[in-house]
Amino acid sequence: MIIATSGHVDHGKTLLVHGITGIETDRLEEEKARGLTIDLGFAYTTIDDIRLGFIDVPGHIKFISNMLAGVSAIDFGLLVIAADDGPMPQTAEHLAILNLIGIKQGAVVLTKIDRVPPERIAAAQREIQTLTRGTFLENANVFPVSGTQRTGINQLTTFLIKTARSLQRHQQQGHFRLAIDRSFSVKGAGQVVTGSVISGHVLMNDELILAPQGVSVRVRSIHRQNEAAEEGQPGDRCAINIAGNDLAKAQLHRGNYLTSNPHHQVTSRCDILATLLPSETMGLKHSTPVHVHCGANHVTGRLITLEGQGLAPGKTAMAQLILAEPINLWFGDQLIIRDQSAARTLGGGRVLDPAAPGRGRTSLRRLAELSLLAEPKPLTEILKNWLQARPDGSSRTQLSRLFNLTDIEIDTLLATNTFIENKHGIIAPEILQRHQQQTLRAIEQWQTANPQQPGLPLQQIASLTRINNGLLSLCLEMLIKDKHLSLDGNLYRLPNHAAQLSPPLISLWARVEPLLAQEPTKPPVLHELAKQLSMEPIAATKLLNQLVGAGFLLKPVANRYFLPAGLERLRELVIETAHGSDAQGFGVADFRDSCGIGRNLCIEILEYFDRTGVTQRIGDRRKLRNPGI
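Going by my numbering, the sequence shown opens with residue 62, and the numbers climb by one from there.
By construction, these hints were calculated from the structure, which means they are not laboratory data. It cannot be assumed that every hint is accurate.
[Said to hold, decoys possible] Below, in silico cross-link-like pairs of lysine to aspartate or glutamate (EDC-like), each with a Cα-Cα straight-line distance of 20 Å or less: (1) Lys544 / Glu491; (2) Lys616 / Asp643; (3) Lys603 / Glu629; (4) Lys616 / Asp651; (5) Lys616 / Glu574; (6) Lys165 / Glu491; (7) Lys542 / Glu580; (8) Lys616 / Asp671; (9) Lys684 / Asp651; (10) Lys616 / Glu597; (11) Lys376 / Asp400; (12) Lys616 / Glu668.
[Claimed, not checked] The following label-pair restraints were derived from C-beta to C-beta distances: (13) Glu637 / Thr423: 44 to 52 Å; (14) Ala510 / Thr441: 41 to 49 Å; (15) Leu525 / Gly674: 35 to 43 Å; (16) Arg176 / Ile469: 52 to 60 Å; (17) Val609 / Gln579: 15 to 23 Å; (18) Met265 / Ile111: 22 to 30 Å; (19) Gly375 / Lys544: 55 to 63 Å; (20) Ala559 / Ala626: 16 to 24 Å.
Keep in mind the model is a prediction, meaning the values are calculated, not measured. Virtual Cβ for every residue (Gly too), placed ideally from N, Cα, C.
Modelling step: build the complete structure from the supplied sequences, incorporating the hints.
Set out below in structure tokens:
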């Protein structure tokens, strides 16, 4: 169990930890000389097979930033109050921080009872009752102790052991994340980082990513609660020895993360559920400058209110943080917000969307989406409701990036619900059904207005429905599978629809189709085709263009007309040629060898596929824009 001792300066936190563990947490010479804790101190002890870890955080106002680096991923909060002083300003602030980050269990330690008479102890206990009202420490156990005489230390230790035995183990959900609060070099071992494991687990020889730098590292050894270990889990304090080719130039520092998430992201804009402390005398105005602490990160930024014109004392509302520099954030991360001068804690927040949009952030649709993310429900239920409300669905990458989910966890989410997944993404079935109905209505209305046309291409359907191409492709695939639509070449139509051509066009089509079908990938040029039709080129062009408009023919190059099947065959040959090429791509000659048509026509066809997004030209070589097709 990881325990954070917090409270006002010189109230006996370090002496208390020493009394329980026998370890001196003031490790810096400056700390020993001045008699106060500047940076985080750590101590561990094993009693009756129970391992207790203590984070001794600084109490002095100047060092509250360091204090905030140590309060993430702790299990238990000990609020230390000296009997002679009673609650002080930093006492209240530390309590507020522990409460804001969601600590659920804790106790109060009343120190220095040997210095005061019994009536002062009773008065201090009444002050504690007033201080803790409405917090997680309301009605919590109060332990009167004397660090110098060891009075009450055994009782407190027994209580902590009992609490640790009943503590539920943290679930190993998500990719591994460790918030780095210290880094140093060990002779003969190399770089070591320490911090709290937030999610997932880590094993010896695991490959991790140093974020936000994106540097790959390997785990050489692990110390958990100051003992050698084979793995690290959520709730553990770990020291991890890492190695990597680019580690020396990574500029490693406090506030970085170690993660196994390949989709980790940095962000300078996030939406949060913000809470302003009730002790504040004034509300926060829109675009208030603030200091933001998350894990061991400390950045400045502005708080943008999304509901109303401000945030009142004691209230909770959705807001957006615009940060001065990008940091790593995930859904559910806890934040502490301090004023512009970093003099006092204003409140806190919980990250809802680490990749928040700058535009449309106060729209009704956006606020409804954030409301779903803000609900106090299990993550699986939040994700289910969130996906069911997203008109464009999501993707595995997005789920991993925003919610830190592993592929196995995404598979479980999909298996326990009815979400549909294919190469285009993940979507709720009711959303897909709604888009399908919209698509069918759009096609039906268009065909009613254009009876002479055989069908619509994908791009035209997209412009009518305004559904993004990936989701629209999924809709069309499902509609074809269920026989609600038919696909002829590249044209979509209702199954009972047939183009109503004029008699001249019907006659021309009967003559043109067999001519072009002879060599569908190499049709004759216009004047040759007109000659075969016994027509003047100008007259032939007029009628052939009408067949193009009706979808019977395609005109990808200046002077040739193709059957849709012929152009589709050339597209297939382009893809085959690309897949058979090396990393540099393929040239015109490669495509010519595949399709057997002349060089000039090859060039024209490839330029057409460049324009339509199938290929991308790089110098005299080409690659597929989407290598997965």
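Against the structure, the hints:
no., hint, verdict
1, Lys544 / Glu491, "holds, 19 Å"
2, Lys616 / Asp643, "violated, 31 Å"
3, Lys603 / Glu629, "violated, 24 Å"
4, Lys616 / Asp651, "violated, 23 Å"
5, Lys616 / Glu574, "holds, 14 Å"
6, Lys165 / Glu491, "violated, 38 Å"
7, Lys542 / Glu580, "violated, 31 Å"
8, Lys616 / Asp671, "holds, 15 Å"
9, Lys684 / Asp651, "holds, 12 Å"
10, Lys616 / Glu597, "holds, 19 Å"
11, Lys376 / Asp400, "holds, 17 Å"
12, Lys616 / Glu668, "holds, 13 Å"
13, Glu637 / Thr423: 44 to 52 Å, "holds, 50 Å"
14, Ala510 / Thr441: 41 to 49 Å, "holds, 46 Å"
15, Leu525 / Gly674: 35 to 43 Å, "violated, 19 Å"
16, Arg176 / Ile469: 52 to 60 Å, "holds, 56 Å"
17, Val609 / Gln579: 15 to 23 Å, "holds, 19 Å"
18, Met265 / Ile111: 22 to 30 Å, "holds, 25 Å"
19, Gly375 / Lys544: 55 to 63 Å, "holds, 59 Å"
20, Ala559 / Ala626: 16 to 24 Å, "holds, 18 Å"
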